[in-house]
Amino acid sequence: EAQVTQNPRYLITVTGKKLTVTCSQNMNHEYMSWYRQDPGLGLRQIYYSMNVEVTDKGDVPEGYKVSRKEKRNFPLILESPSPNQTSLYFCASAVQGRSYGYTFGSGTRLTVV
Amino acid sequence: AQTVTQSQPEMSVQEAETVTLSCTYDTSENNYYLFWYKQPPSRQMILVIRQEAYKQQNATENRFSVNFQKAAKSFSLKISDSQLGDTAMYFCAFMKRSYGNKLVFGAGTILRVKS
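Residue numbers (our numbering), protein chains in the order written: chain S, 1 to 113; chain G, 1001 to 1115.
A portion of the hints provided could be inaccurate.
In the PhoX-like style, the derived pairs of lysine-lysine whose C-alpha atoms are separated by at most 20 Å in a straight line are [as the list claims (entries may be wrong)]: (1) G:1055 with G:1070; (2) G:1073 with G:1096; (3) G:1096 with G:1078; (4) G:1096 with G:1055; (5) S:57 with S:69; (6) S:57 with G:1114; (7) S:18 with S:71; (8) G:1114 with G:1078; (9) G:1096 with S:65; (10) S:57 with G:1096; (11) S:71 with G:1073; (12) G:1114 with G:1073.
Please keep in mind that the hints were generated in silico from the structure rather than gathered at the bench.
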């Protein structure tokens, strides 16, 4: 089954404790992206990658890091999480340059206390 | 920069009736795509319908159709014969055709279908 697998689904952590949210896709998509969803703001892009070793900032990159060492994986790293990073996070992938829209992961609900 | 505005934070509709969700956007681009995504309580993001800006014909997918007004930069979603399973958050989204795959989302509209 074609899918984007995101883990964990729920995560509660403390301020300053490094964490990684994993994302993997099995569709050989070049394009991958991370979004955060907040009430009243919709989804906003954090980082994106157009292929292996090619990543770039989205609209809200502060406090986040990503890497793209393999085509299928695109982890999101929070080196020192803060409460304002409490949010719902989505990973998504797409065929580069095509308009079919994204395939989304199932989301990660992160709470930073 | 592109912006997408959904002016209705919440809406409700009776089962079997028709409801229209509004979306406006701002862009200087001429070639682009517009989408409606559905997010049910399971929070999965599901593509409902897609419109290519260079096509004048409005897209339809079963009970879902759009009213695309390019000059007015308006892209509303009509849901006919509403069903309880249509209860969800609906997001309107914009994508430039010229570069990459970045989706710009509106704030969303919560739709509740009542029995």
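Exercise. What are the numbers of the hints the structure violates, in ascending order?
Worked result: 3, 6, 7, 9, 11 and 12
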